[in-house]
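Here the protein sequences come in this chain order: A and B.
Quick note: the first sequence uses this note's numbering, first residue 1, plus one each step.
Quick note: the second sequence uses this note's numbering, first residue 370, plus one each step.
Any given hint could be a false lead.
Unchecked claim - Just the calculated beta-carbon pair ranges, DEER-fashion: (1) A:V199 to B:S389: 21 to 31 angstroms; (2) A:L63 to B:E377: 33 to 43 angstroms; (3) B:R378 to A:V200: 31 to 41 angstroms.
Stated by the list, open to error - Sample of chain A residues at the chain B side, in silico, Cβ under 8 angstroms: (4) S49; (5) Q248; (6) I282; (7) L330; (8) V333.
Read the hints as simulated data drawn from the structure, not as lab findings.
None of the values given here were measured: they were computed from a predicted structure.
Think of the CB as a built atom: it goes at the ideal place given N, C-alpha and C, for glycine as much as any other residue.
Spelled out from the first residue to the last, the chains are:
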Amino acid sequence: MNAPAGLRLRLRAFASSLDPALLATLGALSLVGLITLYSAASDHPGNFSGQLRNFLLAALVMLAFASLPPRVLTRMAVPVYGVGLLALVGVLVIGVSVKGAQRWLDIGFTRVQPAEIMKLGVPLMLAWYFDRRAGTLRSIDFLFAIVLVLIPVALIARQPDLGTALLVLAAGFFVIFFAGLPWRWLLGLVAGILAALPVVWSVLHDYQRARILTLLDPMSDPLGKGFHTLQSMIAIGSGGVFGKGWMQGTQTHLEFIPERTTDFIFAVYSEEFGLIGNLVLIVLFLALVARALTIAGHAATPFSRLLAASLAMILFTYAFVNMAMVSGILPVVGVPLPLISYGGTALVTIGMACGMLMTIQRHRKLVQS
Amino acid sequence: MKPLRNPEREVSQFRERLVSASVLVALGFLVLCLRLAWLQVIRHGEFLARAEQNRIALVPVTANRGLIKDRNGIIIAKNYSAYTLEIEPAKVGDLDGAIDELSTVIEISARERRRFHKTLEDYKHLDSVPIRTRLSDEEVARFAAQRYRFPGVELRARLFRQYPLGETASHLLGYIGRVSAKDEERIDGFADPNNYNGTDYIGKIGVESSYEEQLHGTTGIEQVEITAGGHPVRTLTRTPSVPGDNLILSVDIRLQEIVERAFGDRRGALIAIEPETGDILAFVSKPTFDPNLFVEGIDPVNWDALNNSIDKPLLNRALRGTYPIGSTYKPFLALAALELGKRHPESVTFDPGFYSYGGHLFREGGPKGGHGVVDLHKSIVVSSDVYYYALANDLGVDAIHDFMKPFGFGDLTGIDMEGEVPGVLPSTEWNERRFHQKWFGGETISIGIGQGKNAFTLIQLAQATATLANDGAVMKPHLVKAIEDSRTGARTFTVTSETRRIALRPENVAFVRDAMVGVTTDPSGTAYAAFVGSTYKTAGKTGTAQVVGIGQNEKYDERHVEERHRDHSLFIAFAPAERGVQPKIALALLVENGGWGALAAAPIARQVMDYYLLGKEPAAPQNVHAAEPTALAPAAHKTAVAASSVSSGGN
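Whole structure, please, built from the sequences with the hints as guidance.
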């Protein structure tokens, strides 16, 4: 009797320690996601129940991470990064090719995408590194951090998976930025990137170039490469201010929107809920990112604040890049919309990130400076 | 050494970075909001239109083609709905393999295979090519159960055209067939080419072609919601099609059948006209063909058989064959002589059996000794060539041309069927234009007996005969009497008034008519035998036209060569021809290589008259294909001479 009572007490204490603002925002976004997916996947009802299971799994993962003290995360950083790096090398050597890209690693009972590990592995690793160097930071540390980021990014880009490589690059960059990368370095980096663009262009694959060209003028090839972007823009534009109504999107239900349950689900949402729905969604993402940044601001250790801040910016990057891609202001890269797109891996990653944010919040600095 | 040593300073720097990041986040979301507002407010109308365009397909609804009925309401072209198996070649890799497999479920004949391949070759733009038509209910069920095995093979319900009388009247009906590239050009010339969206078939020849726009109807439109893959989801709005008008032919299809049977397997043509109206009662060109063969695309074997046949069954002889009309020209020349004052009824010519002009002897086609003393009446009854040699010489080719022109010789009659040819009504002016040489007087002599440079169509001859029967009132000959609104039954008549009236003196017309009656009633008349025992009077005239030549590059056996060198047998007639009675039917007919006009052609005319005027059907189909002229020569033949000149005087 005692043990269960004690457990209940501890659970209650744990539950009350979870950040309510973050939970509420996550709940609201999940609800929007499920409602939208129900419409987008109306011809594949299995997707909806599958996504319910994914949410359950992601919630459990989130709670598990929320219950871990931040120091465990600190200890996890190097092994996760190391294993991720080994796996990426493994992919390069013995990876499985799907649709011309070698992204998968067969580990016997299932296949995994090591690049996914790096989405959180790189910020963990860098936060750990800067935490170690806290108070003794030198310019060389930034250079070393950049190398730590560029190794996995280069491996992922070679698969090729440019989208994930850019997201991992962004995740690493944010940690470096928050660690205090001097502004003049930043300006130099931006200048360097601009200067490197022609070189990057020359090493891009044809399909990657096509995506960028399509972005510049989606009407140039409306039935070919521009089809995805054009159809999603038609879906969004035709939704108008108030939208066509839930389950009423013609672009969605007549299958004009490509990948409408995954990468392009934002077009489905936009068509059916209009500009008003979009503003609600953007406010929810803004709240999520703002809350995460606030948590970072209150974080107790350099590791925690760097990790939390970079996680906040990772969430922002996913949401922004996806919506910008679907509405035609960024090229088409394979980025799901957090909590809205169908897919278990992305949800579990989000769950981990939010769990980390929660434990950081739980172990925040109690005295405000 | 340690530039960032102070933790306080690190924290404040971190705060600073958080603010920068927040600004970045705010800016990013602001850009998104602006972008979405741009798409959803400013460009909303444009994208909404594109979404509608995406979703809605306009599907044409083909109108039912009008029926074709004869003057008594008998249906001779109709539609029926049937299932057809169609292959979409783009979706099938190995066509022959697919057909082989299909034939394990549905019977597919070698002929259907050939037709499939021919259609595929002829109409490369077709998305869907029929392999089997008219599937039975059982076959439909069998295929439906195994449909999954045959991607690219579709079962479709379609309307088909059917000509229930088969070979009867095929030349006048024509047929419909798949729209070809040439037809597309024709459609572009129509008042509303869009009306043909979704139309697969179009009239190719005959009235099916000349009344295409009336028969076609107005195509309806369905707004259908479609998926990105083009699959219809539901119908949004529907503008129904308006069925095409029915054609009421002027043709009496029973009469047509009787004529076609009377011809047997002889080649030739007959046109019968109701003189008062210009209604074409029968329009026969023999041999015929089965128009049903063409509707779904004819298979190569049947096509070769029809196209390479020496009998040329696909040639519309009534419309496009031009012939010298022989002695059937004589009544018109006699009328010219009277009207132009070149002959009086009493004036006589001595016919010694030949006529001499410019050192050349023109022989009498009849008895060796000639017809003796011949007046105008007798000249028609016994068909004296010498009389008309002299008459033609007296008239001159230009006077003949000017007189015959209003009758429609050598000119398009304007019959409501495409492909009519004008033929030739010679004149000196025409001769110089055509051959760049002077007209020789000797050429005029041949004109007198309907030979020489005359080349008329049967429809011209029939029209002229009807005009004669109609006292000079020219009615445009027409196959379609009325166009019937298929929903209200309201009829619009195609020809309601005479084209022109040739000023003829009634006594002259009556004189010629009486002489033509003599042809069938006077024992010396050339068609007396054919009309023995008739209870009504028929005005007729026999004709025999020399066959100038036959195709040089045709190879056929001796028997055929001989047969094809024989003269063409012609006959014109109208009845009843009693004085003061309006004739009900006028006709012109030609039996190719039939020999003497009295022999092959006149009996067919008798059958037509008997049926049309008395309702009498011929006992049994006649077939006198191999009849030799000499074997059957009766008293009425041209050889009957001297005796007739006495008895014929009274008419």
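To see whether the hints hold, each was checked on the structure:
1. The hinted window of 21 to 31 angstroms between V199 (chain A) and S389 (chain B) holds, with their beta carbons roughly 29 angstroms apart.
2. Taking the beta carbon of each, L63 (chain A) and E377 (chain B) are about 35 angstroms apart, inside 33 to 43 angstroms as hinted.
3. Restraint check, R378 (chain B) to V200 (chain A): a C-beta distance of roughly 37 angstroms satisfies the suggested window 31 to 41 angstroms.
4. Checking S49 (chain A) against chain B: minimum C-beta separation of about 24 angstroms lies over 8 angstroms; hint violated.
5. Given the 8 angstroms rule on beta carbons, the hint for Q248 (chain A) is violated: about 12 angstroms separates it from the nearest Cβ of chain B.
6. This hint holds: I282 (chain A) has a C-beta 5 angstroms from the nearest C-beta of chain B, less than the 8 angstroms allowed.
7. For L330 (chain A), the interface hint is violated, since its Cβ never comes within 8 angstroms of a Cβ in chain B; the closest pair sits about 10 angstroms apart.
8. Interface restraint check for V333 (chain A): the shortest CB-CB distance to chain B comes to about 16 angstroms, outside 8 angstroms, so the restraint is violated.
Against the hints set out earlier in the document, violations occur for numbers 4, 5, 7 and 8.
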